[in-house]
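Enquirer: Here is how the chains run, residue by residue.
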Amino acid sequence: MIRIENLAKTFGAKRAVDGVSFAVERGEVLGFLGPNGAGKSTTMRMITGFIPPTEGTVRVGAHDVVESPLQAKRLIGYLPEAAPSYPDMTVEGFLSFAADMRGLAGDTKKRAIGRVVERCFLASVIHQSIDTLSKGYRHRTCLAQALIHDPEVLILDEPTDGLDPNQKHEVRNLIRELGASKAIVFSTHILEEVDAACSRAIIIDRGKIVANGTPAELRAMSVFAGAVTLQASGADTETMTAKLAALDGVARVEAVDGALRAYPRDSSASGRLVRTVVELAAREGWQLDGLRTEEGQLDEVFRRITLPDTVKAPSR
Amino acid sequence: MSAGHMISTIARRELTSYFASPVAYVFLVIFLLLTGFFTFTAGAFFERGEASLASFFMWHPWLYLVLVPAVGMRLWSEERRAGTLELLFTLPIAPWQAILGKFLASWLFLAIALGLSFPVILTVNVLGEPDNGQILAGYLGSLLMAGAYLAVTCMTSAMTRNQVVSFILSVVILLFLILAGFTPVTDLLVRWASPAFVDTVAAFSVMTHFDGFQRGVIDSRDLLFFLSVIGFALFATGVILRNHRAG
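Same order as they appear, the protein sequences are chains A and B.
If you want the working numbering, it's the 1-based position in the first sequence plus 691.
If you want the working numbering, it's the 1-based position in the second sequence plus 32.
Only chain B is shown next, with the shape it has when bound in the complex (with noise of 0.2 Å):
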C-alpha cells in the first residue's frame, strides 16, 4: 500500500465527513455571505471605481481568523475525544500520512468555499476590464494564507480533546500572525522600536507575506512562507501526537 493511497483514504473519508454534516453547508454560505458583505458593502467596491478585487482580497486574513480554526478545529480533537485516534493509529499508516491527509481534505474543502466566490471575477470583469492574472495571483495567496491558518488550528487541534479550547488557541495565534504586519500596529511599534526589529516582527505576519500577492506579484519569499508555515505546524502536529500517544 502506497503512501499516496493512504493519504488519499483519509482524505477521502474526512471530505466526505465535512459534507455528511450540515456544518459544511453552514460553513459555505456564511462563507460566501460574508465574502460579498465586505466586498461589496465594507469595501466599497463600486465606490473605488476601480476594475480589481482588492477590496474583496483585504478582507480574508480577518476572514479566515474566524472562519478557518472553524473548519479545523475538530480535525484531531475530536478523534482524541471519541477515542477514533486509537483506531487510526493502530491502523497500518504512518502518522505523517493521516496527518497530511486530514489537513488535505481540509485544505480542499476551504479551497471549493473560496472557489465557490467565482461570481466576483464574473462581475468585476462585466463592470471593466481587470488585470485577471493579478487576480489569480490573489486566490493562490489566498489559498496559500487558508492552508498556513488551517495547518496552525490543526496543530492546536492536536493539543486537546475539547474544540473550544482547540477554536480559540488557534484564532489567538492566527492574530499574533496578522497583528505582527498589521499597518496601524507597525505604525505604533515604530515610535520606539528600531526599524529593523518592527521589519523582523513583520516579517513573521501573514499580511506582510499575502500583501504582493494582492498586488498581483508571486514572489518566491511569499511562497515559501506559506509553505513553511504549513510545514512546520504539521510537523509540530505530529509531534504532539507523538507525545500524546507516549503519555
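Looking at chain A on its own, in the form it has when it is part of the complex (with noise of 0.2 Å):
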C-alpha cells in the first residue's frame, strides 16, 4: 500500500531525511523508531503529502503523492504529531467538518462519526468545545479525525504521547486490531509498543534507516540475545566464570547481581549454549538456583545503534 522509495528532504544545510526506502502492505503495522530530530516526523509528512521530497518518491496505493496527490490523500488517515484540532469547535462539529471533507453526507456521515467516537471514547465530551478539553481528549479527537473514513491507510505519529497508561492501551489494542485489514504506520519512543502493536518495526537514525525487522529480528541484533544467566553455588565464583568461559562456543563470561551471564560466541552457538552450560554444571556437580536465556533487549539495540559512534565505542 505505501512504497517509499530514496526519499530524501533537504532543510537549509541539513539533510533531515537521507535515502529512506520501505514498503508496507495491508495487515502490517510498521513502529517507526528513532532518537528525536532523527527525521520520523518529516518522513510521515512527506507520505502523507504536507511537505514536498526533494528527492525520491511516494506510492500510496496506485498514486504518487506529488503527481496525484489528492487521490493519494484520500486513501490516508493522518494523526500529525501535535494533534492539532480547531479549538473553537466542539468535537462534533470538528468530526463533522472532517467528514464533510472526505466527501462523507447523510446517514454514512452520521454514522462514521457514530462509529470513531465509540472507538476514541469521545462519547462524553462530544458536544464540548475542544478548548476545554484535557490534551489526551484533544488526541483522541484528532486521531478520531484520523480515523473517519476508514481509511485503507493510516499514518499516526506519536499517537500515544501524552495519554495516561490506559489510555495508551487502549490506543495500541485499537492499532493493533486496525493493522488487520489496514496498512498502518507509526512513530513511538516507547519501544514497549513495537512489541505491543507493531509487525514490523524501522530504526532510523540522522535520516537513515540503521535497522528494519520484526520485533523479534530486532531483539536478536542485542549484544544479550542468546546469553545464558545461571545462578548455581557448589565452586567459587573464579572457577565457574574460568570453567564458563573455556566452554566451545562462549565468547566472554560476566558477573550480573550474583549470577554469572555467559554471552554466546555468535548466533549459531546460542541455541546449543544452554544444554552445554547445563552439562558443565551436571559434570561438576554445582547446583543451579536459577537458569535462563536472554531474548535480547531493544532499548540496548536501539541504544547501541542510534547512539554516536564516539559514545558507543566504550560499552561495547
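Incorrect hints may appear among the rest.
[Claimed, not checked] Listed next, with one range per pair, are the computed distances between beta-carbon atoms:
id, chain 1, residue 1, chain 2, residue 2, range
1, A, His-818, B, Pro-216, 54 to 60 Å
2, A, Glu-783, B, Ser-40, 16 to 22 Å
3, B, Pro-54, A, Gln-988, 52 to 58 Å
4, B, Phe-267, A, Gly-794, 22 to 28 Å
5, A, Ser-820, B, Ile-250, 41 to 47 Å
6, B, Leu-211, A, Ala-753, 52 to 58 Å
7, A, Ile-817, B, Ser-260, 42 to 48 Å
8, A, Ser-815, B, Leu-256, 52 to 58 Å
9, A, Leu-761, B, Ser-260, 24 to 30 Å
Derived from the structure by calculation, the hints contain no laboratory data.
No residue lacks a Cβ here, since even glycine has one placed at the ideal position from N, Cα and C.
Take each chain as given, in its own frame, and dock them per the hints.
Expert: The structure is reproduced here in C-alpha cells:
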C-alpha cells in the first residue's frame, strides 16, 4: 500500500531524511523508531503530502503523492505529531467538518461519526468545545478525525504521546486491531509499543534507516540475545567463570547481580549454549538455583545503533 | 467531491468560527459605531444638505485600513500557529480551494457588516430623494475594496504565524495602496514628478478606483482593478504557503 523509494529531504544545509526506502503492505503495522530529530516526522509529512520530498518517490495505493496528491490523500488518515484541531469547534463539529472534507454525507456520515466517537471514547465530551478538553481527549479527537473515512492507510505520528497508561493501552489495542485490515505506520519513543502493536519495526537515525525487521529480529541484534544467565552454587565464582569461559561457543562471561552470564560467540552457538551450560554444571556437580536464556533487549539495540560512534565505542 | 463542495465546506467552517467567538460581534458593533460617527459627525452628513451618501462612503478606505486587517489577520497565521495547516493540507483538498474558501468566508463576513449599515440608506431616503443607483454602486465599490484589502491581509497572514505581524504588514501595504492616490499626496508629488509618473502611481491606488463607484459610475477598469488585486494577492498567498511547506 505504501511504497517509498530513496526519499530525501533537505532543509538548508541539513539533510533531515537521507535516502529512506521501505514498503508497507495491508495487514502490516510498521513501528517507526528513532531518537528526536532523526527524521521520523519529516518522513511522515512527506508520505502524507504535507511537505514535498527533495528527492525520491512516495506511492500510496496506486498514486504518487506528488503527482496525484488528492487521490493519494483520500486513502490516508493522518494524525500529526501535535494532534492539532480547531479549538473553537466542538468535538462533534470538528468531526462533522472532517467527514464533510472526506465527502461523507447523510446517514454514512452519521454512522462514521458514531463509529469513531465510540472507538476513541469521546462520547462523554462530544458537545464540548475542543479548547476545554484535556490533552488526552484532544489527542483522541484528532485520532478520530484520522479514522473517520475508514482509510486504507493510517499514518500516526506518536499516537500515544500525552496519554495516560490506560489510554495508551487502548490506543495500542486499537492500532493492532486496525492493523489487520490496513497498512499502518506509527512512530513512537516507547519501545514496549513495538512489541505490543507492531508486526515490523524500522529504526531511523540521522535520516537513514539503521535497522529494519520484526521485533524478534531486532531483539536478536542485541548483545544479550541468546546469552545464558545462571545462578549456581558448589564452586567459587572464579572457578565457575573460568570453566564457563572455557566452554566451546562462549565468547565471554560476566558477573551480574550474583549470577553469571555467558555470552555466545555467535548466533549459531546461542541455540546450543544452554545445553552446554547444563551439562557443565552436571559434570562439575554445581547446584543450579536459576537458569535462563536472555531474549535480547530492544532498548539496548536502540541505544547501540542510534548513539554517535564516539559514545558507543567504549560500551562494547 | 467537487471543488464547490470543498470550498463551501471550508468557508462554512471559517464563518462558523467567526461567530463562535466574541470577535465577530465586537467587530460588527465597532464597525457600525465608527461608520455612524464618521458619516454623521466627522462627515457632516446633515450640514451638507444633500441627499447622498458621500459622507458615508468617503471614510471607507480609511476605516477598512484598520478593520479589514483585524478580520483577516488570523486566516492563515492561526492555522500555522495551531498546526492545523498540516491537518488541512493533508486532507484531500487542493490548496487553491482552501485559500478561496477561507477568503470567501471572511469576505462574506465583511459583506454582512457592510449590509448591516443599511439604516443609512433608509435615513437618506426618508430625508430626501437620493439617487439609489449611485448608492448601490457605492456599496458595490465598497465591497470590492473590502475584498481587495482582505486578499492583501490574507497574503500577509500566510507569511507569519504571528497575527500581530500579519496585521502590521497588511496595514503598511494597504496604506501605500491608499496614499498612492490620496489627493494631498498626489498634489505633493506633482510638484517635482512628471504628471505621467504621478498618474501611474495613482493608478495603483484604491482611492482612484473607488472614486468612480462613489460617483455612481461602474467602470470596467475599476472592477478589473479590484478583481486583479484580489486575484494577485490570493495567488501570492498560494505561493507563500507552498514555499512554507517546502521548507
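Enquirer: All the hints need checking, so say for each whether the structure fits it.
Expert: A quick look at each hint next to the structure:
Judged by the Cβ atoms, the range 54 to 60 Å given for A/His-818 and B/Pro-216 holds: they are separated by roughly 56 Å. Between A/Glu-783 and B/Ser-40 the CB atoms are about 19 Å apart, so this pair conforms to the stated range of 16 to 22 Å. At roughly 55 Å, the beta-carbon separation of B/Pro-54 and A/Gln-988 lies within the given 52 to 58 Å, and the hint holds. In this structure the supplied range 22 to 28 Å holds for B/Phe-267 paired with A/Gly-794, their Cβ-Cβ distance being about 27 Å.
Checked against the given bound of 41 to 47 Å, the beta carbons of A/Ser-820 and B/Ile-250, roughly 44 Å apart, stay inside it. One distance hint, 52 to 58 Å for the beta-carbon pair B/Leu-211 and A/Ala-753, holds here, with the actual separation near 55 Å. A beta carbon spacing of about 45 Å between A/Ile-817 and B/Ser-260 agrees with the range 42 to 48 Å that was offered as a hint. The hinted window of 52 to 58 Å between A/Ser-815 and B/Leu-256 holds, with their beta carbons roughly 55 Å apart.
Under the hint 24 to 30 Å, the C-beta atoms of A/Leu-761 and B/Ser-260, about 28 Å apart, fit the expected range.
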